[in-house]
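Novice: Here is what each chain is made of, one letter per residue.
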Amino acid sequence: MTTQTAPPEAPTKPERRKLDENTLRNLGLVGVLVLLIVVGIITKPDLYSDPTWVKNNFLTILQQASAIGVVTVGMTFVIIGGGIDLSVGAIVAIAGVWSTTLATQSYGAGGMIFTAIIVGTVVGLVNGVLIAYGKLVSFIATLAMMVAARGLAAQISGKQTQISTNSTINDIASTRPLGIPLLVWILAVVVLLGWVLLNRTTFGRRTVAVGGNPEAARLAGINVKRHTMLLFALSGLCCGIAAIMLTSQATSAQAAMANLYELDAIAAAIIGGTLLSGGRGTIVGALFGVLVFSTITNLFAINNLPTEVQNMVKGGIIVAAVLIQQFRFQSLTKLLKR
Amino acid sequence: MSALSRRRILFGGAAVGAGALLTACTSNEPDNTAQVNTNTDASANPNAASGEKVVIGFSAPAADHGWLAAITNNAKAQAAAYSDVEFKAVEAGTDAAAQRAAISTLVAQKPNVIVMLPYDGKELDAAGLEAMRAGIPVINLDRAFPSQAAFRVQIKGDNYGMGLAAGHYIGEQMKAKNVANPIIGEIPGIDSLELTQERSEGFKVALAEYGFKVANRRPAEFTADSGQAAATALLQALPKMDALWNHDDDQGIGVLAAIKQTNRSEFFMVGGAGSKVAIDQIKADNSVLKATVTYSPSMASSAISLARLIGQGKGMSDLVELQVPKEITLASETITKDNADKYAKLGF
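Chains as they are written, first to last, in the working numbering: chain C, 2 to 339; chain V, 18 to 365.
Among the hints, erroneous ones may be present.
Claimed, not checked - Beta-carbon label-pair distances, calculated as ranges: (1) C:168 to V:336: 27 to 35 Å; (2) C:111 to V:359: 36 to 44 Å; (3) V:330 to C:314: 52 to 60 Å; (4) V:302 to C:317: 44 to 52 Å; (5) V:24 to C:200: 23 to 31 Å; (6) V:207 to C:227: 40 to 48 Å; (7) C:111 to V:302: 30 to 38 Å; (8) V:151 to C:111: 55 to 63 Å; (9) V:166 to C:59: 56 to 64 Å.
I should point out that these hints are in silico values taken from the structure, not numbers from a laboratory.
Note that this is a predicted model, so its numbers are computed, not measured.
For every residue, glycine included, the Cβ atom is placed at its ideal position computed from N, Cα and C.
With these hints in hand, go ahead and build the complete structure from the sequences.
Specialist: Shown next as structure tokens:
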């Protein structure tokens, strides 16, 4: 929001500062990642002394971050655009369940992937229509969708765990082109496309404008309603992709899958420097946010520490990240005012 | 203008087509609702002979898990097997408060007996008391009410016993293989639940008898995807393992997927609950899953039978007592390749 009110006489300078700000934050997150790994090396030197294990460990961290990472990319777009999507976990569940019914499975892997992606996108689109044209607050609309979509998923699955018997789908999780898990490749592609979309297209510029100041965006000729709708559809699309990834990992889908993904995705986006009020955020930062969580899970696992403590540390990191962000943001605003 | 409308027609048509296709894709036949019944053959069991009409009220939490779904299915199927039973199920809603309200409505309808699996025994204790005070005997299924006055019969599984059974199986196997210092992993379900803590405690105690302990413990959430995540973390933490106990066969689908994805096979795994998929896999003996310890939803069938006996004032024919006993705790049984056939019909 503040960037919108930046003094017009120096249009390039704040842009430079903003860039530095992002780089700085990402460097900070890389620092946190390195710190977590160093803690791992110190606490478990026997494991880290085996190079094969170390390589596997990094790939595991990336692989466990892949599905939630894809969801986070969509979430980052929604938040930058000034909204919030609480229904992502539920959309993953409905897309996963819908694509693993016996009827869908009879169409083969292509049918399952098609179904997951279409269901995810359509549910996201419904969110978008309700928010953009029904004038519902995104928090309320997606909260309603979170409950409703899980309900529908439970209805379709008959409350059972639906096992995927399709070997092509199940193999996605175990295939490793060039030694790197396919799931990690998918994450990389989605992150890359997300980065290009946000930073190199008018769609991305409009997203930032709509989130920063919707009224100004409207006056500048942006179709704010349609854009908002598309952002939620994009988030739904990401959920559809994640549903296939998760189904392949668990070789099954059920209504309770992807539990609390919404919170993990929002937290990762926020840690990555996305402003909850919209108008600012980066895809790379969000990716680092996801990786920080995945690395913490890994660190706690190899040290056999209870998950309660892990959740407390996660919470602490979220608060710390936002606090640091706020202070730096304030000092930046002061700098601009001067 | 015309180009635009043509495009709209194209997109509209595609959307309708995709919608029709997707709607067709929600079909899930054949329905897998494996049910088990108690002995309802009147010629073999005089208690099964049609008698006084009994109205049985039933309430269980909305199923979000195969086990709970099996509980409701079993209760329904068992009631349907008796010509003298009228089955009245009420939706328990989504939490303890909703179930309390549902029970009040049910009590007002004055059924002869109520079978209730509460969200939480402590939170629904008052609902049990309310029904009992209204003169309706309550069959408390699985999650125990703390007040003795809140139920007529309590029938439940043995969580602690499950842990013991799993621990003993692993202990014996290790002894047979002469492994002195085995590395044992554990994947429990939702860790904050009392049932999970009881299972883990039983497991710990049983292992301690052999001088063993759990090397790493990664809780999941009773879902396959959380099981996959927990197992992946556990396998990464223990590059070599001898045995693994996974508390729940539903989340076990994900655990087994993770094991396959990491190409590990140097250990064996014990499951929990006794799902149909798990029993089939144990029988086929083609994965690391070698056994599972039961926590059978068949107890719902038994609960309906007990409710009917109580409604008709009968006792259990194999016992001397003229009335149904007050507490029944199912034994947790260990299913292995050798007895998998016998248990196949109990799998859910």
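Novice: If a hint holds in the structure, say so; if it doesn't, say that too.
Specialist: Tested hints:
{"no.": "1", "hint": "C:168 to V:336: 27 to 35 Å", "verdict": "violated (52 Å)"}
{"no.": "2", "hint": "C:111 to V:359: 36 to 44 Å", "verdict": "holds (42 Å)"}
{"no.": "3", "hint": "V:330 to C:314: 52 to 60 Å", "verdict": "holds (59 Å)"}
{"no.": "4", "hint": "V:302 to C:317: 44 to 52 Å", "verdict": "holds (47 Å)"}
{"no.": "5", "hint": "V:24 to C:200: 23 to 31 Å", "verdict": "holds (29 Å)"}
{"no.": "6", "hint": "V:207 to C:227: 40 to 48 Å", "verdict": "holds (42 Å)"}
{"no.": "7", "hint": "C:111 to V:302: 30 to 38 Å", "verdict": "holds (34 Å)"}
{"no.": "8", "hint": "V:151 to C:111: 55 to 63 Å", "verdict": "holds (58 Å)"}
{"no.": "9", "hint": "V:166 to C:59: 56 to 64 Å", "verdict": "holds (59 Å)"}
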